[in-house]
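J.: Each chain is listed here by its residues.
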Amino acid sequence: MIRVVVQSEPIDIAAEHAAAEQADAGAVASFTGLVRGDDGVTELALEHYPGATERALTKLCEQAVARWSLAGATVVHRVGPMVPGDRVVFVATTARHRGAALEACAFLIDRLKTGAPFWKREQRGAAATWVEARDSDAAAAERWR
Amino acid sequence: MIRVVVQSEPIDIAAEHAAAEQADAGAVASFTGLVRGDDGVTELALEHYPGATERALTKLCEQAVARWSLAGATVVHRVGPMVPGDRVVFVATTARHRGAALEACAFLIDRLKTGAPFWKREQRGAAATWVEARDSDAAAAERWR
Amino acid sequence: MRIDLLYFAWVREAIGTGAETVEVPDDVTTVATLIDWLVTRSDGHASALRDRARLRAAVDQVFVDHDASIVGAREVAIFPPVTGG
Amino acid sequence: MRIDLLYFAWVREAIGTGAETVEVPDDVTTVATLIDWLVTRSDGHASALRDRARLRAAVDQVFVDHDASIVGAREVAIFPPVTGG
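Chains as they are written, first to last, in this note's numbering: chain B, 2 to 146; chain H, 2 to 146; chain P, 38 to 122; chain Y, 38 to 122.
There's no promise every hint is true.
Said to hold, decoys possible - Residues of chain Y placed beyond 10 Å of chain H at every Cβ, according to the derived structure: (1) Arg39; (2) Asp41; (3) Arg49; (4) Glu60; (5) Thr70; (6) Ala83; (7) Arg89; (8) Asp102; (9) Gly109; (10) Thr120; (11) Gly122.
Stated by the list, open to error - Here are the computed lysine to aspartate or glutamate pairs in the DMTMM-like style, where the Cα-Cα straight-line distance is at most 25 Å: (12) Lys60(B) to Glu112(P); (13) Lys60(B) to Asp80(P); (14) Lys60(H) to Asp13(H); (15) Lys60(B) to Asp41(P); (16) Lys60(H) to Asp88(Y); (17) Lys60(H) to Asp97(Y); (18) Lys60(H) to Asp104(Y).
Treat the hints as calculated values from the structure; they're not laboratory data.
Everything numeric in this text was worked out from a predicted model, so none of it was measured.
Every residue, glycine too, gets a C-beta built ideally from N, C-alpha and C.
Kindly produce the complete structure, drawing on both the sequences and the hints.
T.: Below is the structure:
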């Protein structure tokens, strides 16, 4: 069961986690990314490529399901303006055993960072800057090849 | 911030996850274990060693916080009778970066499995059996040494 | 050849639009030659597309390298390295 | 020496109680010698504690090996390998 959502509304962890749980699979791993407010960021805006984003995320979920025999994979990504503390992304993986769920969850967030068309713009008061891609993200994505 | 709870009430993911989130730490990883119902289990009863359990879980959380410089670690473990689909355990780790949160989350659930005094009794209709410890769990715990 | 072009993030801001439909000459057959041709269209294009190493592209919503063909494509997107998650 | 004993899971069921307070002889100084002495107390004890390799122990709530000292301990727990999570 694959669930991919790109939305401007806040992410509802309770509903998404409950949807990811399955009584015939004992393990759910999740990762949640939050807007950090400790470096002066007052607002974060997320832009994306409608259509291509959902395609890319669905393909990543399909890869994870096949590689770790998952019972389910969920990616919910928020777009538009956000403030510190807001949830940017929620990834959940459901499997019979914890090893598969935990590994697949790490795979999905690592690959999403470099493989899905989202762009972050940070606002610090009046100044806006587009976030630069990080070499460490490319390296993290690469370790799953 | 360490939160350790052993309770007979259902685990409230929304409240626990929200409590684990911190605006100055961008990453929350979690693991949830569910009662599996696909092998005929009708009820699962969890027994524990009051006092010693909380001590063991708190010590594991302290180790994780120190090793991965976490902003927070949460373990909520349910005890008493449960049915398939119920949440047995919820582990959450909060950190500045996803790598630390994901690794520490895997550490906590692996070590909890062999290092905290809980015992599972499975009920299949009228027949009750105590779950045997698994070698694979001992191996998983050992890889963090 | 008629193609829909999409721009995102600072590429969009520098060009001044997120989408345009263009009629490209016949010798524009790859992402790289498309970019070479686009920089001649305006100062905004020239500025946005100056540093090729910082540009990524998708042809019909599939991520590709700069030497990928655009012949027959309906939609080509040009954008910076992605920063989601 | 007076010690509170706690039993869990099938050890508790086989002994028939989860807790008892005992007065142990002076030569009972380790978990191993405590178990040796306990098996003489009843058929339930003998049956529950027969297979030493399947028994784990904690002294004053700290997990220990069978050769650990119990001298001065207030509480000793004996139980099967744990199966939480």
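J.: Determine for every hint whether it applies to the structure shown.
T.: Here is what the structure says about each hint:
Every CB of chain H lies more than 10 Å from the CB of Arg39(Y), the least distance being 19 Å, so the non-interface label holds. Every beta carbon of chain H lies more than 10 Å from that of Asp41(Y), the smallest distance being close to 12 Å; the non-interface claim holds. Residue placement check: Arg49(Y) does not keep its beta carbon more than 10 Å from all beta carbons of chain H (closest about 8 Å). With 10 Å as the threshold on Cβ separation, the claim that Glu60(Y) sits away from chain H holds: the shortest Cβ distance comes to roughly 23 Å.
The Cβ of Thr70(Y) sits about 22 Å from the closest Cβ of chain H, beyond the 10 Å cut-off, so the non-interface label holds. Every CB of chain H is more than 10 Å from the CB of Ala83(Y) (nearest about 19 Å), matching its label as outside the interface. With a least CB separation of 15 Å from chain H, Arg89(Y) remains clear of the 10 Å interface cut-off, as annotated. A cut-off of 10 Å between C-beta atoms confirms that Asp102(Y) is not in contact with chain H; the least separation is 14 Å.
Interface exclusion of Gly109(Y) from chain H stands, the closest Cβ pair being 18 Å apart, more than 10 Å. Thr120(Y), annotated as away from the interface, has a beta carbon of chain H within 10 Å; the closest lies near 4 Å. Here Gly122(Y) does not stay apart from chain H, with its beta-carbon only about 4 Å from theirs, under the 10 Å limit. The hinted pair formed by Lys60(B) and Glu112(P) meets the criterion: a straight-line CA distance of about 20 Å does not exceed 25 Å.
For the given pair, Lys60(B) sits about 37 Å from Asp80(P) by alpha-carbon distance, which is inconsistent with the 25 Å threshold. The straight-line distance between the Cα atoms of Lys60(H) and Asp13(H) is roughly 23 Å, inside the 25 Å bound, and the hint therefore holds. For the given pair, Lys60(B) sits about 24 Å from Asp41(P) by alpha-carbon distance, which is consistent with the 25 Å threshold. Proposed proximity of Lys60(H) and Asp88(Y) is contradicted: the alpha carbons are some 30 Å apart, above 25 Å.
Only pairs whose Cα atoms come within 25 Å are accepted, and Lys60(H) paired with Asp97(Y) is accepted, the gap being roughly 15 Å. This hinted pair checks out: Lys60(H) and Asp104(Y) have alpha carbons roughly 23 Å apart, not beyond 25 Å.
The structure fails to meet hints 3, 10, 11, 13, 16 from the earlier list, while all remaining hints are met.
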